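Residue numbers (this note's numbering), protein chains in the order written: chain D, 1 to 147; chain W, 148 to 294; chain C, 295 to 441; chain V, 442 to 588; chain R, 589 to 735; chain E, 736 to 882; chain S, 883 to 1029; chain U, 1030 to 1176.
Derived from the structure by calculation, the hints contain no laboratory data. The structure presented is a predicted model; accordingly, all values stated were derived computationally and were not measured. Don't be surprised by glycine CBs; every beta carbon is placed ideally from N, CA and C. Do not take every clue at face value.
What the hints assert, rightly or not - PhoX-like cross-link-like pairs, simulated, lysine-lysine; straight-line CA separation at most 20 Å:
1) S:K902 / S:K959
2) D:K88 / W:K224
3) D:K106 / E:K759
4) V:K493 / R:K647
5) W:K253 / W:K224
6) D:K77 / D:K20
7) C:K371 / W:K224
8) D:K77 / D:K106
9) S:K941 / E:K787
Said to hold, decoys possible - Calculated Cβ distances over 10 Å to all of chain E for the following chain R residues:
10) H600
11) K612
12) L616
13) R629
14) E635
15) F646
16) G674
17) E675
18) K678
19) Q727
20) A728
Spelled out, the chains give:
8 protein chains.
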Amino acid sequence: MELTVYLAGQIHDDWREQIKSQAKDMNLPLTFVGPMEDHERSDNIGEEILGKQPNAIFKDEAASSINNLRTDILMNKADVVVALFGEKYKQWNTAMDAARAAALHKPLILIRPEALHHPLKELSSKASLVVETPQQAMQALSYIFES
Amino acid sequence: MELTVYLAGQIHDDWREQIKSQAKDMNLPLTFVGPMEDHERSDNIGEEILGKQPNAIFKDEAASSINNLRTDILMNKADVVVALFGEKYKQWNTAMDAARAAALHKPLILIRPEALHHPLKELSSKASLVVETPQQAMQALSYIFES
Amino acid sequence: MELTVYLAGQIHDDWREQIKSQAKDMNLPLTFVGPMEDHERSDNIGEEILGKQPNAIFKDEAASSINNLRTDILMNKADVVVALFGEKYKQWNTAMDAARAAALHKPLILIRPEALHHPLKELSSKASLVVETPQQAMQALSYIFES
Amino acid sequence: MELTVYLAGQIHDDWREQIKSQAKDMNLPLTFVGPMEDHERSDNIGEEILGKQPNAIFKDEAASSINNLRTDILMNKADVVVALFGEKYKQWNTAMDAARAAALHKPLILIRPEALHHPLKELSSKASLVVETPQQAMQALSYIFES
Amino acid sequence: MELTVYLAGQIHDDWREQIKSQAKDMNLPLTFVGPMEDHERSDNIGEEILGKQPNAIFKDEAASSINNLRTDILMNKADVVVALFGEKYKQWNTAMDAARAAALHKPLILIRPEALHHPLKELSSKASLVVETPQQAMQALSYIFES
Amino acid sequence: MELTVYLAGQIHDDWREQIKSQAKDMNLPLTFVGPMEDHERSDNIGEEILGKQPNAIFKDEAASSINNLRTDILMNKADVVVALFGEKYKQWNTAMDAARAAALHKPLILIRPEALHHPLKELSSKASLVVETPQQAMQALSYIFES
Amino acid sequence: MELTVYLAGQIHDDWREQIKSQAKDMNLPLTFVGPMEDHERSDNIGEEILGKQPNAIFKDEAASSINNLRTDILMNKADVVVALFGEKYKQWNTAMDAARAAALHKPLILIRPEALHHPLKELSSKASLVVETPQQAMQALSYIFES
Amino acid sequence: MELTVYLAGQIHDDWREQIKSQAKDMNLPLTFVGPMEDHERSDNIGEEILGKQPNAIFKDEAASSINNLRTDILMNKADVVVALFGEKYKQWNTAMDAARAAALHKPLILIRPEALHHPLKELSSKASLVVETPQQAMQALSYIFES
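All chains, full assembly: derive it from the sequences and hints.
See the structure below:
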């Protein structure tokens, strides 16, 4: 049995690589999917495909249509969603992905430092599990496969 | 025909009162529901009902269970959800409410200043309508009732 | 027992008035909802609320967000959808409303002249009932209330 | 990971072949499904299987049952739907397929020339993404697979 | 609290009147809905509204569209469905209504004489409750309102 | 705005009366629904309506059909479910009602003494809120109506 | 691409073998599932597994639980359902299977001789396609795979 | 065709091994999934991954989040759920799993000794099939594969 995991969160560092690496070391039958991690490409994909837009707002709309299309298709394939929050960035798209997973009843693991417990209290309440580090998320996923 | 509107957003100022006031002036058959707006009561309701908790994190969990219960019940009654974002506060609970509405296919009006278009691009793409002020949201709601 | 009926179709003539008038004469407990029928207002509502847009395409996008918001909210209230097709206009929005009703399993009555049977064959197959005139649609609705 | 794509649109030229060809060149793991492209066979399949019908309307009904059966089964298998609109033909069946996909929450890419933006404004608003050429649609699909 | 009850079954005798009468005597807050009980009108409604059809099969199709439209709309309003089976008539439409209710998770009370237990065994297994007479069905409905 | 509350739990004492009484004192717009509270009647209703059954197991099956019919219809009307657990009785039907509410995404308040936290840990995790007394449940419900 | 087909209908003759044979000859990638075809085994399976039951009615209930379990699991796997009706037998279980498929929005092909058009008129209206012979059903299924 | 079976029930003895063993002997294409069977590990997994918790109640909450995450993910993969009840232990989590399966319309086989028929009467009524031993459950599953 295999599981597909959607990794939602900021695309400014390589936290996903750490998770994939750990999964590999633990030999877990997991497939990881997620957003475009090249931040510049993610912001520019709208104009790249649809051409120059009138202003920054429309540029963002164009990019978002394409990025959301990607998220929708990939999250539909996921058996579980992992959403990572950190101190930096507004991360409203991460909150959107996490909440969407919860509303669609896809099991959700939320990773957040203890310091962010207050602004994330409502979202935490909706998650299946709240942990503080990607390693803990991996341990929980690993537990699913233990006989 | 009447509509019930869930007003999601921060509870640090009285933006909801402005909306309700405008609706009244326009004679719109709207019922408004939303979260507890007394910020202190909202944070303390967990310990008020369940008793003192071991630490701040558990205090938040207790309050969130009760606040989410309220949101779930009231949002279920809503025909449309309005979510307001501003420059202050993390607003991850607002993003959660907005995304939940979208995922549950409840029509969603997102209010955000133009300056926040970038971090809200993905959520904006999921909303039925994006406006910049509560007045514009009210105009859109009013339009629904015009013959 | 009352029924709410969503009237989907072009907004260039007063076919809806005829239907409402017939329902009144027949004393049927029906509430009718539908799109904005003032064609100019429907096209301009985007710029009216959101301000001038960069070009005609964005002007249409703005208006459509608001018109779709209205359709979504009102069609959700409907017990049955009536979609009228005629020889004039592309009517892709009507086809969209009709198909959406069918996909959402809302009973659908399709009104179309016999001459349009060929291009409407697939949509007709999805409708609960296909008639040629609004009067026939009203007869079918009236039949629901007969003991 | 593979994706199944339903190609909705007129069956009077070979636009689907161009898409499949491009997908092949780009080495994308896509499976394409769609309607019967032999226009004559599509119109005659009802009488071919069920025998001669009383008149043209019933002939169309018979064919539509079978064509809709095919669409329903194949669209159910799709992860994403692409709907192409052009200047010719009424294309109400295309609008039906596109709207059905949107209502069923299947991601939808709408391809239409800029000249058709007005009659397609409502449907465009419901699509995940709107582009002007099949090539742009392929670029968007390709983007989903990029790491 | 009121309940709406859909009475599915043959329309060749007045068994529904007995049920409504008993409900009235017991003062139960029930609203009853059901199919057209005038058998001739039910069979002819297609041609009455749509005009003469090519043959008996098409005459039946026309009537069924309209009768199913009525059933769909009224059964959607029901809180519970009662389906009565008897020794006479094929009653495949009753089996369809009963099975549809069960598949849609609407509570279903099946009334059948003991002699029909064998051919109705699968449908009985899907019903919430199986009784032998309309009086027993009424007793069960009455029980719902007892404090 | 009113709410309907389903009170699930053992029917051996009058805990429901305490809740209704408190709601009345607090002037809350709540309607309470629940199972038959006369324990003997609840056990015997099967044979009362359907006649004597072959043995105790079939007697229970007959009664359960009718009691579940009542639960299904009434729980469908509920906006929120309250499930009470205590030290006595197996209460598997209560666990069933609670779990059913959670699975159907109806907000659920679970009332249990602290001593039962261990065997109820999984069910507690699925509830919207866990409290120890009916009074606390009422306080949470009351909080929903506070402006 | 493969399709799973559920064959619903009486189990008194080998009509399913003819369908499977034709599918094989036509090289169609179809997997067929269906009920237990050994009529005696189907009727006795309840007592075979659960032991002797008090009377014929309970014997049927026991068997139906097991046969419905099989139908539920296998029909869930189906992409399309084929339901065959003939002049003999009450076939209420077939009507149940067909109606359940339609209500669950699984495409449904109904096979019935012309002579049964009247009692099957409502069910026919709900089917995706109505044919008169298994061969016609196979032609329709084959059409799905044609490029 | 293969089936995935979720085995819900107490984790204090090896009843699952007996079932898997029997399935193997009967050569059935079944995949079994279930909870963590090491009772101590199941109770401690919360603190193992998340660290020491303030008290026993929070220790249980932490473990339950992780155990429920496992159940949710694995039960989503199941085609059928088997729930075993016995004389020992409160088994409210088993009742929760069984009821959740029934509410989600996953076929459910309930195994319980005759002596427990009374407290399990409501849950039994919701199950697809009730048997007294794991062997009978296996016979029913085996029957699904018989031609």
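Here is how each hint holds up against the structure:
As the CA atoms of S:K902 and S:K959 are separated by approximately 17 Å, the hinted pair is consistent with the 20 Å bound. For the hint pairing D:K88 with W:K224, the CA-to-CA distance comes to about 35 Å; that exceeds 20 Å, so the pair is violated. Simply put, D:K106 and E:K759 have alpha-carbon atoms about 39 Å apart, too far for the 20 Å limit, and the pair is violated. The hinted pair formed by V:K493 and R:K647 meets the criterion: a straight-line CA distance of about 17 Å does not exceed 20 Å.
Between W:K253 and W:K224 the alpha-carbon distance is near 10 Å, which keeps this suggested pair within the 20 Å criterion. Taking the CA atoms of D:K77 and D:K20, the gap is about 17 Å. The hint holds against a cut of 20 Å. Between C:K371 and W:K224, the direct Cα distance comes to roughly 13 Å. Compliance with the 20 Å bound is thereby established for this hinted pair. Restraint check: the Cα-Cα separation between D:K77 and D:K106 comes to about 10 Å, which is no more than 20 Å; the hinted pair holds.
The suggested pairing of S:K941 with E:K787 holds, with an alpha-carbon distance near 17 Å, which does not exceed 20 Å. Look at R:H600: its CB is around 26 Å from the nearest CB on chain E, clear of 10 Å, so calling it non-interface holds up. Every beta carbon of chain E lies more than 10 Å from that of R:K612, the smallest distance being close to 20 Å; the non-interface claim holds. Taking the minimum C-beta to C-beta distance to chain E, about 13 Å, the non-interface status of R:L616 holds against the 10 Å cut.
Every beta carbon of chain E lies more than 10 Å from that of R:R629, the smallest distance being close to 32 Å; the non-interface claim holds. No beta-carbon of chain E is positioned within 10 Å of the beta-carbon of R:E635; the least distance is around 39 Å. With a cut of 10 Å on Cβ distances, R:F646 stays outside the contact zone with chain E, its closest approach being about 39 Å. No beta-carbon of chain E is positioned within 10 Å of the beta-carbon of R:G674; the least distance is around 19 Å.
With a least CB separation of 20 Å from chain E, R:E675 remains clear of the 10 Å interface cut-off, as annotated. Remark: the non-interface label on R:K678 is consistent with the geometry, its nearest Cβ contact in chain E lying 27 Å away (cut-off 10 Å). The Cβ of R:Q727 sits about 5 Å from the closest Cβ of chain E, inside the 10 Å cut-off, so the non-interface label is violated. Not every C-beta of chain E lies more than 10 Å from that of R:A728, the closest at about 5 Å, which undercuts listing it as non-interface.
Checked against the numbered hints listed earlier, the structure breaks hints 2, 3, 19 and 20; every other hint is satisfied.
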